[in-house]
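K.L.:
Order-wise, the sequence lines are chains A, B, C and D.
Under numbering that gives the first Met the number 0, the first sequence has 324 at position 325, and the numbering climbs by one with no breaks.
Under numbering that gives the first Met the number 0, the second sequence has 139 at position 140, and the numbering climbs by one with no breaks.
Under numbering that gives the first Met the number 0, the third sequence has 134 at position 135, and the numbering climbs by one with no breaks.
Under numbering that gives the first Met the number 0, the fourth sequence has 323 at position 324, and the numbering climbs by one with no breaks.
Worth double-checking, as some hints may not be accurate.
Chain D regions said to be covered by chain A (calculated; three or more residues, Cβ under 8 angstroms) [claimed, not checked]: (1) 237 to 243; (2) 284 to 290.
In the DMTMM-like style, the derived pairs of lysine to aspartate or glutamate whose C-alpha atoms are separated by at most 20 angstroms in a straight line are [said to hold, decoys possible]: (3) D:Lys21 / D:Asp61; (4) A:Lys70 / C:Glu138; (5) D:Lys215 / C:Glu138; (6) C:Lys21 / D:Glu138; (7) D:Lys199 / D:Glu156; (8) B:Lys21 / A:Glu138.
It is worth saying that the hints were derived from the structure and are not from the lab.
For each residue, glycine too, the CB sits at the ideal point set by N, CA and C.
Protein chains: 4
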Amino acid sequence: MVINMAANASEAELQHVIDRVKECGFQPHVTRGTERAIVAAVGTGGSRSALEALKAAPGVEDVVPIAHPFKLVSRQTRGERSCVNVGDVCIGGAEAVVIAGPCSVESREQILSTARAVRAAGATMLRGGAYKPRTSPYEFQGLGVEALQLLREAREETGLPVVTEVMSTEDIPLISEYADMLQVGARNMQNFALLRQLAKAGKPILLKRGPSASVKEWLLAAEYLLAGGNSSVVLCERGIKTFETEMRNTLDLAAVALVRELSHLPVIADPSHGTGRRELIAPASRAALAIGADGLIIEVHPCPERALSDGAQSLTLQEFARLMQNLTAPIRPVAAMAVAV
Amino acid sequence: MVINMAANASEAELQHVIDRVKECGFQPHVTRGTERAIVAAVGTGGSRSALEALKAAPGVEDVVPIAHPFKLVSRQTRGERSCVNVGDVCIGGAEAVVIAGPCSVESREQILSTARAVRAAGATMLRGGAYKPRTSPYEFQGLGVEALQLLREAREETGLPVVTEVMSTEDIPLISEYADMLQVGARNMQNFALLRQLAKAGKPILLKRGPSASVKEWLLAAEYLLAGGNSSVVLCERGIKTFETEMRNTLDLAAVALVRELSHLPVIADPSHGTGRRELIAPASRAALAIGADGLIIEVHPCPERALSDGAQSLTLQEFARLMQNLTAPIRPVAAMAVAV
Amino acid sequence: MVINMAANASEAELQHVIDRVKECGFQPHVTRGTERAIVAAVGTGGSRSALEALKAAPGVEDVVPIAHPFKLVSRQTRGERSCVNVGDVCIGGAEAVVIAGPCSVESREQILSTARAVRAAGATMLRGGAYKPRTSPYEFQGLGVEALQLLREAREETGLPVVTEVMSTEDIPLISEYADMLQVGARNMQNFALLRQLAKAGKPILLKRGPSASVKEWLLAAEYLLAGGNSSVVLCERGIKTFETEMRNTLDLAAVALVRELSHLPVIADPSHGTGRRELIAPASRAALAIGADGLIIEVHPCPERALSDGAQSLTLQEFARLMQNLTAPIRPVAAMAVAV
Amino acid sequence: MVINMAANASEAELQHVIDRVKECGFQPHVTRGTERAIVAAVGTGGSRSALEALKAAPGVEDVVPIAHPFKLVSRQTRGERSCVNVGDVCIGGAEAVVIAGPCSVESREQILSTARAVRAAGATMLRGGAYKPRTSPYEFQGLGVEALQLLREAREETGLPVVTEVMSTEDIPLISEYADMLQVGARNMQNFALLRQLAKAGKPILLKRGPSASVKEWLLAAEYLLAGGNSSVVLCERGIKTFETEMRNTLDLAAVALVRELSHLPVIADPSHGTGRRELIAPASRAALAIGADGLIIEVHPCPERALSDGAQSLTLQEFARLMQNLTAPIRPVAAMAVAV
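Please build the complete structure, drawing on both the sequences and the hints.
P.N.:
Right, here's the structure in full:
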């Protein structure tokens with residue numbers, strides 16, 4: 000942290016800050032400029048938030064963080080990239096992983112036919128919602144335990160490990176019986192009570208980025224899981240809220256590359272929520288892999304126009320198969336100069 | 000809902016949409032334009048989300064909602080404004096209510112001295128965090144039940160009803176024993192599992208707007224509470240996330256006026272989180288009341304620079320007393336023409 | 000500026016940064032932390048952007064600005080608040096100023112009847128667009144010089160000084176003949192070619208905040224005008240673009256208070272563009288004055304539903320008169336404790 | 000347009016809307032719902048903005064657009080994709096185009112060495128700023144005509160066509176003499192006076208998306224150029240402003256795919272401004288091509304840490320060469336099921 004004193008701060012105010020920096024467990028280093036002084040707080044043992052509160056001390060203009068606040072998720076902490084195993088599937092390895100399935104599990108026929116189709120098309124994991132976070136209380140809220148049983152059946156038949164969302168700490172034990180991976184939905188990314196319990200659940204976690212979460216806040220949410228004892232965490236970029244309304248969200252693909260710089264954790268992309276438009280999902284999927292995503296999670300439904308949730312952004316089984324065929328097709332070549340100089 | 004057919008949609012595609020609208024429980028009314036047809040779905044008995052899924056039907060370009068999706072919170076549903084009682088305090092009545100107190104309860108001395116001071120200055124409710132949602136797992140997470148006991152003691156001494164945040168369904172029974180009003184924090188606004196349990200808690204709820212929640216999403220979160228049986232809901236605008244970084248959030252004061260147009264629920268403002276800067280809290284508080292807020296919630300601490308959370312935006316006891324004195328001072332007069340024409 | 004070295008930066012890389020800081024005209028002060036070193040660049044004579052480019056130097060993790068980059072607009076530079084005179088009107092004085100009129104000048108009858116009505120209701124300046132920036136080329140683009148002549152006629156009859164928008168450097172001489180104040184529209188806030196010419200125009204300037212401009216960028220746009228020789232600048236907050244779509248923009252009223260902290264320039268608010276909804280304009284106007292705005296600019300039209308631009312957010316003459324009557328009505332009182340303790 | 004009447008609208012109000020729709024040049028089609036009526040305005044000959052003003056008519060709740068407001072840029076208007084020729088270079092053809100060069104032209108040595116290096120690495124066009132839009136008036140503003148002469152020299156030596164930014168209508172004739180393509184910078188995207196003049200300039204235009212421009216607004220800015228007679232327009236996605244601060248902007252790559260759905264115009268991406276971080280430029284460039292971009296524009300500088308602008312996001316000559324080598328490398332393969340079922 001660097002504490003930036005106001006231009007008109009007194010010597011007594013500066014001394015007070017110096018004393019407080021020491022009390023907070025850091026060593027103060029003062030630089031006197033022509034207009035103002037700054038105090039650098041050196042050390043790692045003290046409390047960052049105690050330093051931040053110095054913004055309220057007289058004569059202080061601002062407190063500016065220098066280092067990132069996360070530790071266990073940081074790439075500096077761990078030399079190599081992490082791989083998270085879900086059943087036989089390794090997320091974060093040499094190959095990208097495709098997770099596919101419906102937004103909600105709606106019926107036996109729906110989930111089984113989807114599971115078979117996405118497996119045939121090349122997906123290696125199955126998604127499907129049993130407990131659904133819905134903006135309106137009047138919308139379909141998921142089949143609950145019945146959906147969990149159907150997901151298990153789909154896994155047994157197809158061999159695809161299953162990921163499904165957990166919305167409440169109370170549901171963790173039950174869902175853990177059925178699912179191979181537990182998803183934290185975007186709107187629960189900073190549900191810290193949930194994160195703390197999931198840290199002890201003994202299952203790999205898929206942590207979606209909140210719709211207004213900065214990359215730093217997202218990594219700190221993951222830090223809750225690692226600090227609580229669970230290092231099997233996969234991050235998922237699913238779009239952020241911006242002023243643009245033609246798409247459901249703004250898919251922040253560069254954040255995928257940034258997360259790979261800052262953290263050792265695997266990161267996948269969700270082009271279905273990220274764009275909300277079916278015609279954009281295939282190109283966005285290719286772009287996600289090109290920018291370094293360790294995988295994709297894609298909504299697929301046998302009949303999107305009858306889906307109980309997210310129909311507008313769900314691919315048909317055929318559309319998904321086509322997406323998979325073109326996913327790793329060569330990137331468009333670059334033009335060369337017409338004539339040598 | 001209006002279903003907007005594509006310019007090149009076929010008659011069969013149009014007929015399919017007409018059939019589906021009927022299946023969804025609405026009556027279809029078709030308007031054929033020069034370039035395209037639109038289908039209006041008339042009625043209130045059917046499923047909105049089923050209609051929305053028609054975006055995925057062939058020949059459909061878009062599905063556009065016409066009416067707002069909320070019911071119980073709507074001002075159209077209930078002619079007059081609601082008043083929510085918390086102890087002897089009425090939020091939503093003729094007078095504005097000021098809730099004040101520290102971000103976190105830190106010690107007996109801290110909360111008692113603050114409670115006494117804010118009461119003396121004119122506050123009629125006390126705030127104080129026992130369970131704190133913190134961005135980083137390494138920050139102070141609240142004193143828990145010890146804080147609840149201290150809050151009760153402060154209430155007994157000062158008579159101020161207490162509001163405190165609930166982060167987890169599991170904590171509801173315990174916190175309900177101690178607090179007069181339960182707060183849903185901004186990051187939990189769409190924690191639907193929590194909302195569903197709070198609807199049954201039998202306590203008034205303070206529902207903060209999520210940092211990226213639209214007014215519509217916010218009102219639908221309130222709809223979860225009312226639909227679940229709890230109509231004692233107070234909304235709280237506390238700033239949204241935007242590109243502006245000089246302030247912690249962008250306090251959306253116009254949303255306070257908008258919510259009063261759309262809903263009968265009381266709405267208050269939180270200028271502390273809404274601006275994150277102490278020097279802006281007094282003017283923002285005046286503006287909130289001027290735009291129609293039913294009250295304010297303000298962070299106050301005996302020594303902000305030593306606060307364990309939110310020190311930078313906490314007022315000292317003296318600053319809060321000064322704020323209260325000027326809160327309803329006359330608005331600056333408007334210039335008249337210097338010379339008559 | 001503080002240059003934050005990477006944790007693994009070498010001594011040679013650190014020395015290189017030290018040398019470059021000197022070359023850029025600053026004195027380097029090095030603080031060695033437990034994990035990394037930081038270099039503070041002290042002094043005011045050097046080039047900030049040269050320092051910023053050091054982000055690209057090997058071993059540098061980040062370059063963090065400490066002081067604000069603006070000078071002439073800063074409140075630190077000038078002890079007292081500025082007042083800008085437009086005809087007999089003083090913006091920034093003890094009384095708030097209300098500017099009113101139609102979005103576009105559409106006809107003689109329209110502008111004259113509006114001018115008379117807003118004057119009678121208490122406005123002291125007239126607004127009206129002659130050259131209109133429109134999102135679509137197929138929308139009404141303004142009457143141009145004819146509108147300027149009508150504005151002059153309205154001023155002569157009512158005595159109200161006139162403000163109108165300048166979209167192009169070429170139009171400055173002509174518009175300067177007719178208008179008392181020149182407006183820079185939100186979309187031209189960073190049209191630096193325009194700002195540079197307006198700095199020499201010898202007329203007071205109304206500088207609207209860009210829809211995605213930070214407060215810092217806005218003040219730097221004003222700095223272009225002051226640095227170019229024109230210190231008669233009034234800032235205007237008119238809403239920023241956010242994810243919220245129920246209102247046309249998010250009116251950032253706290254920014255008004257912030258600008259008053261950072262700068263000596265007067266600042267007014269535009270609740271018409273800031274909300275885009277007629278029913279919100281009166282409460283937002285009151286809030287703007289309560290938070291410290293030096294005035295308001297409000298769209299008024301004799302028949303909003305026939306307006307050629309911005310009809311949805313224009314007040315009728317009657318609605319404007321009512322707004323003026325309630326503008327400075329007392330703020331709602333604050334509840335006191337029911338029973339003494 | 001669909002006009003949504005309020006639930007309590009009277010018959011007279013409805014009739015008034017019907018009459019106004021006819022006056023505006025459309026045919027009204029009324030659908031009476033259980034709660035409210037809607038009026039669809041059918042036809043293409045009337046004025047959209049006149050319809051929009053009906054929001055201000057009594058009994059009207061909202062006016063909702065159905066069709067997109069752009070015409071000439073629409074893909075529906077023109078069956079096939081457009082190709083824009085700049086010298087021998089075709090943007091929008093089978094191969095992607097790479098434009099590279101420094102942010103600002105700083106010296107003869109700088110621009111010539113950069114031009115040679117980017118040509119050798121495979122770029123087919125040269126970029127370089129002569130007139131620079133800078134946030135602060137105290138920053139380097141470009142070498143002006145001297146820069147134009149140096150760009151011409153670089154083109155003569157390397158054969159690379161040149162694109163450079165135009166900030167003011169007055170500069171168009173001069174810059175047109177030197178440059179092969181004229182760039183509209185992001186902050187000038189809605190400088191309509193500039194767009195109108197550029198429509199007549201007889202040169203291909205590179206139209207950058209504004210930092211807060213929706214895709215619709217961006218396409219309407221292009222519509223100004225086409226409607227004015229210039230159909231040689233290339234769009235450029237360069238990142239939008241969001242709450243995320245770790246990157247300079249949020250590169251909206253999905254918007255590239257969306258623009259290709261909505262418009263026939265070529266679209267390229269600018270990963271330099273789009274991310275603002277050198278380490279992200281190579282992966283973002285690959286992703287841009289994978290999602291369908293017709294090309295890239297990339298900032299390159301012989302010594303970024305001494306660049307007079309945008310050093311932090313400029314690649315060295317070596318880094319750019321490496322980027323070009325990996326640009327179209329195969330996309331990471333997708334994992335297959337470990338064991339057949």
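K.L.:
Hinted pair, alpha-carbon criterion (20 angstroms max): Lys70 (chain A), Glu138 (chain C). Please report holds or violated.
P.N.:
Violated - the C-alpha atoms of Glu138 (chain C) and Lys70 (chain A) are around 55 angstroms apart, more than 20 angstroms.
K.L.:
Would you check chain A against the segment 284 to 290 of chain D, counting CB to CB pairs closer than 8 angstroms, and say if three or more residues qualify?
P.N.:
holds (count 6)
K.L.:
How about the segment 237 to 243 of chain D: do at least three of its residues have a C-beta closer than 8 angstroms to a C-beta of chain A?
P.N.:
Three-residue rule met by the segment 237 to 243 of chain D, so holds; n is 4.
K.L.:
Does Glu138 (chain D) lie within 20 angstroms of Lys21 (chain C) when you go C-alpha to C-alpha?
P.N.:
Holds: Lys21 (chain C) and Glu138 (chain D) sit about 19 angstroms apart, inside 20 angstroms.
K.L.:
For a C-alpha distance cap of 20 angstroms, please report whether Lys199 (chain D) and Glu156 (chain D) respect it.
P.N.:
violated, 29 angstroms
K.L.:
Are Lys21 (chain D) and Asp61 (chain D) close enough, with their CA atoms no more than 20 angstroms apart?
P.N.:
Cα-Cα ~18 angstroms, so holds.
K.L.:
CA of Lys215 (chain D) to CA of Glu138 (chain C), is that 20 angstroms or under?
P.N.:
Holds: Lys215 (chain D) and Glu138 (chain C) sit about 15 angstroms apart, inside 20 angstroms.
K.L.:
Decide if the proposed pair is consistent with the structure: Lys21 (chain B) and Glu138 (chain A), CA atoms, cutoff 20 angstroms inclusive.
P.N.:
holds, 19 angstroms
Checked against the numbered hints above, the structure violates hints 4 and 7; every other hint is satisfied.
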